[in-house]
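Produce the entire structure from the sequences given, and follow the hints as far as they go.
These are the residues of each chain, in order.
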Amino acid sequence: MAIRKSDKTYLEALLELTSTFTEHLSDLKDRVYPSACPLALVDCLLQSSQILVDRIQQIISSSSTAQDGVVEDLLAQASDVYVFIEFFQSYVLPIIRASDSENVPAELVRPLEQIAGYVFPGSNLVISSVPESNYYFSEMSTKIKEFFASLNLESVLAEQKFDARDIYHLQLSGNPPCNILSHCLLGHEIGHALYRKLDVDATISPWIRFDDAVIKRIAGSIFEALLNALSASQPPPQMVLQQTREIIEYRTRFQLPLIAASWAEEIFSDFIGTGLFGPAYICSLSVLILPFDDIDMPSESHPPSRFRVQSCIRALHRSDPGFGYKRLADRKENAEYDALVRPWSEAVTSVPHRPTDDLYKTVFGLILSIKDNILLEAKRQLGTSAFSYSRFHAEVPQLRNRLIDWLPPNEYQLAASDQFRTPSIQAIFNAGWLSYLEDMNRLLGLFPKFPELLVRKKYYQLIAKGIELSNIQDRWETLSKSV
Amino acid sequence: MIVMRERRDPFEVIDIYNHKILANQSRAAIRRVKREKRIESGDIAVFKKLSQLLEAAYAGDQSVSGSQVRASSTHSLRILAQTFKAMEGILRNTKAFRETLDDLSGAAIELSQNRTISDDRLDSLYEFCCRYAALQQQLLKQSSTKPSYGVSVWPFESRIRHT
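In the order they appear, the protein sequences are chains A and B.
Our numbering applies: residue 7 is where the first sequence begins, and numbers increase by one.
Our numbering applies: residue 1147 is where the second sequence begins, and numbers increase by one.
Do not rely on the hints blindly, as some may be mistaken.
Claimed, not checked - Taking beta-carbon pairs under 8 angstroms as the criterion, some of the chain B residues facing chain A (in silico):
| hint | residue |
| --- | --- |
| 1 | Tyr1163 |
| 2 | His1165 |
| 3 | Lys1166 |
| 4 | Asn1170 |
| 5 | Gln1171 |
| 6 | Gln1208 |
| 7 | Ser1218 |
| 8 | Leu1223 |
| 9 | Ile1236 |
| 10 | Asn1239 |
As the list claims (entries may be wrong) - Straight-line distance between alpha carbons at most 25 angstroms, and here's what the computed DMTMM-like set of lysine to aspartate or glutamate pairs gives:
| hint | chain 1 | residue 1 | chain 2 | residue 2 |
| --- | --- | --- | --- | --- |
| 11 | B | Lys1231 | A | Glu252 |
| 12 | A | Lys455 | A | Asp445 |
| 13 | A | Lys149 | B | Glu1201 |
| 14 | A | Lys222 | A | Asp364 |
| 15 | B | Lys1231 | A | Glu306 |
| 16 | B | Lys1180 | A | Asp13 |
| 17 | A | Lys167 | B | Glu1158 |
| 18 | A | Lys151 | A | Asp205 |
| 19 | A | Lys151 | A | Asp106 |
| 20 | A | Lys463 | A | Asp411 |
Hints in this document: simulated from the structure, not taken from any laboratory.
No experiment lies behind these values; they were computed from the predicted model shown.
Idealized CB from N, CA, C, for every residue including glycine.
Spelled out as C-alpha cells, the structure:
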C-alpha cells in the first residue's frame, strides 16, 4: 500500500529543512573562531547532514512501495532525523554563531581556558558570548556522542576526531554587571561541571533524608490548602479526595529530596567558586544576586540569595571547615580581605533569613545541617586548585599597587633569581575587585575631564590586559623550561 | 530597559531530545515485535536503554517508599518524577502506579534479554512510550517558548536566577 499524501509532504519538507540546515552550516564554516572546537563541530554536522539527506531520500523511495506497518517505522526514523536537526538548528547553531571572533574577545580565550584547566586539565572549550547575564560551563562531548549514536552517526565523530575530545561549552555574559570582574562567576559553573563529571551526587545524595512524619505533615498542609480552594457547595466524592491526598503525598516524597538535591548542588558550586577565586567570587556573586528586591525568596532550583552569600562568606572566613581567610591575630594583615568581603557581609546580615513556606523551611533545615559536609566535599574536590590565603596575601596587595598607578597588574616582582614571577589569574581578579571597591574615586580623579563610564571601561581593559600579559608570561616560562 | 531572559542550558535540553528519540525508537521497536513476533538484533539495544530508564524510575520509587525518604540518586528521582507525570491521569493511586512501574520495568528487561512478552504487556509498554514521548515534547515546547525561571526586567522586577 502506498504512503499517504500528507506523509509524503512531511518527508519532502524534512528534506528541504535538512538542505537549509546544510546552508546554515556552510555559512558558519566561513566564519573565524578564536578556538578550534566550533569549527570541528561544524565539520561533523556538515558531514552528518549529507548522510541524513541520503537517508531521507531513501525513506521517500522505500515508503512509496512499503506496507503499512513498515511505512510507520520509516516515518518514525524520519521523525528522529527531524529531532536531530531541530536540536542542532535551535540550540547548537546559535552557540556556534556566538562563539566566533566577532562575539568572543580573543584575548579572553587563553585565560578562560586556563581557569577551566585548573579543574579540568586538557579540556577543549567552545566559548560563546550572549547578551544576558548568564553563565554556563557544561560538558558537551558526552551528550553529543550519545545523540549522534542514537542515529548511528558515531563514525562521523570518529572521522573528525571529535569523539576523543573532552569538550566543554562555556557561555559568557556579554554584558555582566562589572564587566570582566564578573567572570569569576565561572567558578560557580565549574562547580556544576565538577558535580556532574565526578559524580559528586553519589556522595552528597545519601545525606539528604526526610522523616516520614515530616513528609506526611507537608503533604497534609498542601492537601488542606487544596481543599480550601475547592467549592464548598459541591465537594468531590470521598474516594477522589482520598486518592488525591495519596497522590499529593507521593509527589511530596520525591519533590522534597529533589529540591534539596538541587540546593545542595548550588551550594556545592558556590563553595567551588569561593575556593577557586577567593573573595573575588563573593564580590561577583553579590553584585549579581543581591540587588534584587527579595533575596530571601527561594525557588525549587536555588536556595535564597542571602543564604548563598552568607554561606560563601562563612566558608571563606572559617578554617575548619573552610578556606581559612580570616586571621584574627593580625588586623593589618586582614585589611585587604576585609575590604573585599565586608560590604557584602553587611548587606546580608542586616535581617536574618527565615523561610516561611513549610516545604522550603524543611529543605532549608536539612541543607543547614549538611552544609559543612558539602563544604568539606568541595574542598576535597578542589584540592590544590583552591586559591589559598597565603597566595592571596602574598600577591593581591602588590598587584593592587600597580592598578592604583594605572598599570596592568603584572610583572610586579623581581625575585632574587632575576626571574619574573607570574601572578595567578585569581590574584589579578582579587586585586581588580579590591581596587574597584577601594580606589575607584582616586582613579576617577586621575582623569577629571573624562566621563566616569569611560574611565571604568578603561579600568576593565586594564584588568583584561593584565590577564593577557600574565598568560603570555606563563606560556613563555613554560616554553623556556621545556627548552 | 534591559530585558534579561533566563535560558535553559542547551546541553541539558539534549537529554530531553535523547529521551524523546528513545521513546520514539522504542515505539517503533515494539511495533516490529508485535508484527514479526521476534526481536530484531538492532532493537535489543533500544530495549536495553528503555529498561535502564524504567529501572532508574523504579530505583527512585524504592528510595522514596520507605519510612525515611532518601535521595540516593538525583538522577533516579528526576526520572521517577517524569515517569509519574507521564502516567498522570491513567493511574489514580500510588499503589497502581508502583505495580505498573514494576511491570513495565520487568517487560523492558525481558525484551532487552531477547525474550518476547505477551501482547497485553507490549501494549502497556507502547502506551507508556507514547505518553513519555508526548511529555518530552511538552517539555521541549516549554523550554523553547518559556525561559526556565521566567523573564525579568532589570532592574524593575524583583527576581531572576542567574547562576
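For each hint, the structure was consulted:
1. Tyr1163: Cβ of tyrosine 1163 of chain B sits 5 angstroms from chain A, so the hint holds.
2. His1165: Not OK, violated: histidine 1165 of chain B not within 8 angstroms of chain A, min 10 angstroms.
3. Lys1166: Because about 6 angstroms separates lysine 1166 of chain B from the closest Cβ in chain A, which is inside the 8 angstroms limit, the hint holds.
4. Asn1170: It holds, given that the least Cβ distance between asparagine 1170 of chain B and chain A is near 6 angstroms, below 8 angstroms.
5. Gln1171: Holds: closest Cβ of chain A sits about 7 angstroms from glutamine 1171 of chain B, inside 8 angstroms.
6. Gln1208: violated (11 angstroms)
7. Ser1218: holds (6 angstroms)
8. Leu1223: With a closest approach of 5 angstroms, the leucine 1223 of chain B hint holds.
9. Ile1236: violated (12 angstroms)
10. Asn1239: Where the cut-off is 8 angstroms and the nearest Cβ of chain A is about 5 angstroms from asparagine 1239 of chain B, the hint holds.
11. B:Lys1231 <-> A:Glu252: Roughly 15 angstroms separates the two Cα atoms, so the pair holds.
12. A:Lys455 <-> A:Asp445: The given pair, whose Cα atoms are some 18 angstroms apart, holds under the 25 angstroms limit.
13. A:Lys149 <-> B:Glu1201: With a Cα-Cα distance of about 21 angstroms, the restraint between lysine 149 of chain A and glutamate 1201 of chain B holds, given a limit of 25 angstroms.
14. A:Lys222 <-> A:Asp364: Given that 25 angstroms is the threshold and the Cα spacing comes to 12 angstroms, the pair holds.
15. B:Lys1231 <-> A:Glu306: holds (17 angstroms)
16. B:Lys1180 <-> A:Asp13: holds (23 angstroms)
17. A:Lys167 <-> B:Glu1158: Holds, at roughly 24 angstroms.
18. A:Lys151 <-> A:Asp205: holds (19 angstroms)
19. A:Lys151 <-> A:Asp106: holds (23 angstroms)
20. A:Lys463 <-> A:Asp411: holds (16 angstroms)
Hint compliance for this structure: hints 2, 6 and 9 are not met, and every other hint is.
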